[in-house]
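*Asks:* One line per chain: the protein sequences are A and B, in this order. So for the first sequence, the numbering used here puts the first residue at 240; every next one is plus one. So for the second sequence, the numbering used here puts the first residue at 244; every next one is plus one.
Rather than coming from a laboratory, the hints here were simulated on the basis of the structure. Keep in mind that the hints are not guaranteed to be accurate.
[Claimed, not checked] Keeping only pairs whose Cα atoms sit at most 25 Å apart, straight-line, the calculated SDA-like set for lysine to any residue is: (1) A:Lys357 to B:Thr271; (2) B:Lys450 to A:Leu484; (3) B:Lys450 to A:Gln326; (4) B:Lys436 to A:Leu484; (5) B:Lys450 to A:Pro454.
[Said to hold, decoys possible] Here are some chain A residues the structure puts well away from chain B; computed CB gaps all over 12 Å: (6) Leu270; (7) Arg281; (8) Thr325; (9) Asp329; (10) Lys332; (11) Ala335; (12) Gln337; (13) Ile342; (14) Arg363.
[Claimed, not checked] For each label pair, taking beta carbons as the anchor points, the in silico distance ranges come out as: (15) B:Ile268 to A:Gly535: 39 to 47 Å; (16) A:Trp468 to B:Asp396: 57 to 65 Å; (17) B:Trp323 to A:Ile336: 47 to 55 Å; (18) B:Thr471 to A:Val533: 47 to 55 Å; (19) A:Ile336 to B:Ser470: 46 to 54 Å; (20) A:Pro339 to B:Asn520: 27 to 35 Å; (21) A:Pro339 to B:Gly362: 41 to 49 Å; (22) A:Val533 to B:Ala342: 47 to 55 Å; (23) A:Ile529 to B:Gly320: 50 to 58 Å; (24) A:Pro454 to B:Gly391: 35 to 43 Å; (25) A:Leu327 to B:Tyr296: 56 to 64 Å.
Quick reminder that beta carbons are idealized off the backbone N, C-alpha and C, glycines included.
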Amino acid sequence: MARKRKPRNLRRRNAITGYLFIAPFIVGFLLFLLKPMFESFRMSLSEVTIAAASQKGGKGFVMETITTWKESNYYQAFFFDPQYKTQLVDALKEMAIQVPAIIVFSFFIALLLNQEFKGRGFVRAVFFLPVILSSGVIVGLEYNNALMSSMKGAIEEAGSGMNITATLETVLRTTGLGGKLLDPVFKIIEAVYDVALASGIQIIIFISALQTVSPSMYEAAKIEGCTAWESFWKITFPLVSSMILVNLVYTTIDFLMRTDNQVMTTITHKVTPEMEYGLSAAMAWSYFAIVAVVLGVLAAIISKKVYYYE
Amino acid sequence: MKKRKFRLKRRQPGRSRGGDLGVYIILTLFGVMFAIPLVMAICQAFKPLDELYKFPQTILVYNPTLNNFKDLFVIMGQSWVPFSRYIFNTVFITAIGTAGRLLIASMGAYVLAKYDFPGGRKLFAMITTAIMFNGYVTDIPRYLVISGFGWIDTFLAPIVPALAAPMGLFLMKQFMEGIPDSLLEAAKIDGAKEWGIFTKIVMPNVKPAWLTLIIFAVQELWNNPQSTYIYSEELKTLPYALSQITAGGVARAGAGAAVGLFMMIVPIGIFIFSESNILETMASSGIKE
């Protein structure tokens, strides 16, 4: 009897600890993410008006939704919108090329930056810069400052000014290797600056993961006669594979949620100047469903290959 | 350890000198590419007005001047609320928000990674799915939730919702999966309580993940004007105050460039500080033995 009860007690203790530790997160998650999400779902099926709360003695605004369940006309309105469809397909196509490129690139750079050399801290900081520059101040101030946008243009010009792409493209095309097969390759090369600038966080995540691998494992492998190539595929790759999943999820989301994404622009535009809350919510939900399916499939495939250290 | 002092000695016997050179060349190429925007942003802050509006734009500055900073300080001095107040507000929101998010996300991630409790997997699936949702559309309902709590125009509005970040939890959980169970079991046998295991074993072992999470949070909070939730002048944030300055048009262009530099210094500083303190110290303490 005593033996039988023990696992149950352990289970219960585990459950209590589990809930206690995760409770603060869950509260925040429910209130500030899940509730707004379902509100927006309701909005997508309703007619929405926003009124000042001062009429009722409160601060800010209140939302009044008149639920019109009978017809989900918002969903119909844009699902048959050819413009939205092409935008969506374009975004997904571009994602299929850029996301793998970003992951491979950042993994490669992280491997280089994980090695010992002089001035490593400085080089790491340099590679982290795009994160600050792209997601931070400059983008935020751009709206108010024509100067910053002209600066961004100049940066892009400087980046592509070397014309590596054009030279390479002509070389490859003249050798007869061109055609449809190489188009994705050219796209990657053309987008190399974009890729490099979008890889900041991914590089950091990979470096962090590489740091948790013990050097003694490589030593042991070397003693056993393992080449660097082998130890990369047998040690580094499996131990970092869980972070490939993280980066895949992060990159895909980052790509699909970027403000310069066509679909996102349309949705945001519907919120702010057009005040079409219901329609924008419907668009966001359908976009969310598509992103979730894409990511779900990708993650399901990758997570099968991920190796978790026992 | 001693070997490293001899610079000519190759650190990695498995690789040729040509390989070493190749690595440096690749890093330099990409490094330059990455550094151009920063160099330009720094130079921009020191450019006199005529150079700022030169076309085509130059990356480097030819006649550096400190006038932009002087202008900026003059404008700062004229503000209605002491400028230090804006700085304090932003630092406060960023510091509390980041620390809180690190703790809350780590606590949740720890039990999701290492405890088997009913509903845990479903919860995790739900949290990761929520990352994918378009934030713009939930802005309005979220505002209404916050407004319902009566938090509008207080620091609670920007801080509390920032604490529960699904991306942070996801990241932390993936890192914590990497900690061997045997390490936790050993601690348990030695009499450690759950909280002790969390603070003394799990957290120190995922220090590299802190770096990423801190960067995410600082980026998000530091640059956020928070103007949606805060309208009292004495509670307003630095990015808001600075964007007011840059909104002044051509006359304020110089000061605007100085503002850009000013706002960048802190995230870069935090990165360099945490990189050397968190990442470098982990270098030889790999846990995956």
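*Asks:* Next, verify each hint and record whether it holds.
*Replies:* Tested hints:
In summary, the hint linking Lys357 (chain A) to Thr271 (chain B) is supported, as the alpha carbons are separated by about 13 Å, within the 25 Å threshold. Proximity of Lys450 (chain B) to Leu484 (chain A) is assessed by CA-CA distance (about 19 Å); at most 25 Å being required, the pair is judged to hold. Between Lys450 (chain B) and Gln326 (chain A), the direct Cα distance comes to roughly 41 Å. Violation of the 25 Å bound is thereby established for this hinted pair. Under the criterion of a C-alpha separation no larger than 25 Å, the hint pairing Lys436 (chain B) with Leu484 (chain A) is inconsistent with the structure, at around 31 Å.
For a cut-off of 25 Å, the pair hint linking Lys450 (chain B) to Pro454 (chain A) stands: about 17 Å separates their Cα positions. Not every CB of chain B is more than 12 Å from the CB of Leu270 (chain A) (nearest about 6 Å), against its label as outside the interface. Remark: the non-interface label on Arg281 (chain A) conflicts with the geometry, its nearest Cβ contact in chain B lying 9 Å away (cut-off 12 Å). With a cut of 12 Å on Cβ distances, Thr325 (chain A) stays outside the contact zone with chain B, its closest approach being about 19 Å.
The beta carbon of Asp329 (chain A) sits about 17 Å from the closest Cβ of chain B, which is more than 12 Å, so the claim that it is off the interface holds. The claim that Lys332 (chain A) lies off the interface holds: its Cβ sits roughly 19 Å from the closest Cβ of chain B, which is beyond the 12 Å cut-off. No beta-carbon of chain B comes within 12 Å of the beta-carbon of Ala335 (chain A); the shortest separation is about 17 Å. At roughly 17 Å, the least C-beta separation between Gln337 (chain A) and chain B is larger than 12 Å, which holds for a residue marked as non-interface.
Even its closest Cβ contact with chain B, about 15 Å, leaves Ile342 (chain A) beyond 12 Å, as expected for a residue assigned away from the interface. With a least CB separation of 6 Å from chain B, Arg363 (chain A) falls inside the 12 Å interface cut-off, contrary to its annotation. For the hinted restraint 39 to 47 Å between Ile268 (chain B) and Gly535 (chain A), the CB-CB distance of approximately 40 Å keeps it satisfied. The hinted range of 57 to 65 Å is satisfied by Trp468 (chain A) and Asp396 (chain B), whose Cβ atoms lie roughly 60 Å apart.
In this structure the hint that Trp323 (chain B) and Ile336 (chain A) lie 47 to 55 Å apart at CB holds, the actual value being about 51 Å. Between Thr471 (chain B) and Val533 (chain A) the CB atoms are about 30 Å apart, so this pair departs from the stated range of 47 to 55 Å. Ile336 (chain A) and Ser470 (chain B) have their C-beta atoms about 37 Å apart, which leaves the hinted 46 to 54 Å range violated. Distance hint for Pro339 (chain A) and Asn520 (chain B): a CB-CB separation of about 33 Å, consistent with the stated range 27 to 35 Å.
In this structure the supplied range 41 to 49 Å is violated for Pro339 (chain A) paired with Gly362 (chain B), their Cβ-Cβ distance being about 34 Å. The hint said 47 to 55 Å for the Cβ distance between Val533 (chain A) and Ala342 (chain B), and at roughly 34 Å that hint is violated. The supplied range of 50 to 58 Å is met by Ile529 (chain A) and Gly320 (chain B), whose beta-carbon atoms lie about 52 Å from each other. Range check, Pro454 (chain A) to Gly391 (chain B): about 53 Å between beta-carbon atoms, so the 35 to 43 Å window is missed.
At roughly 40 Å, the beta-carbon separation of Leu327 (chain A) and Tyr296 (chain B) lies outside the given 56 to 64 Å, and the hint is violated.
Of the numbered hints given earlier, the model fails hints 3, 4, 6, 7, 14, 18, 19, 21, 22, 24 and 25; all others are met.
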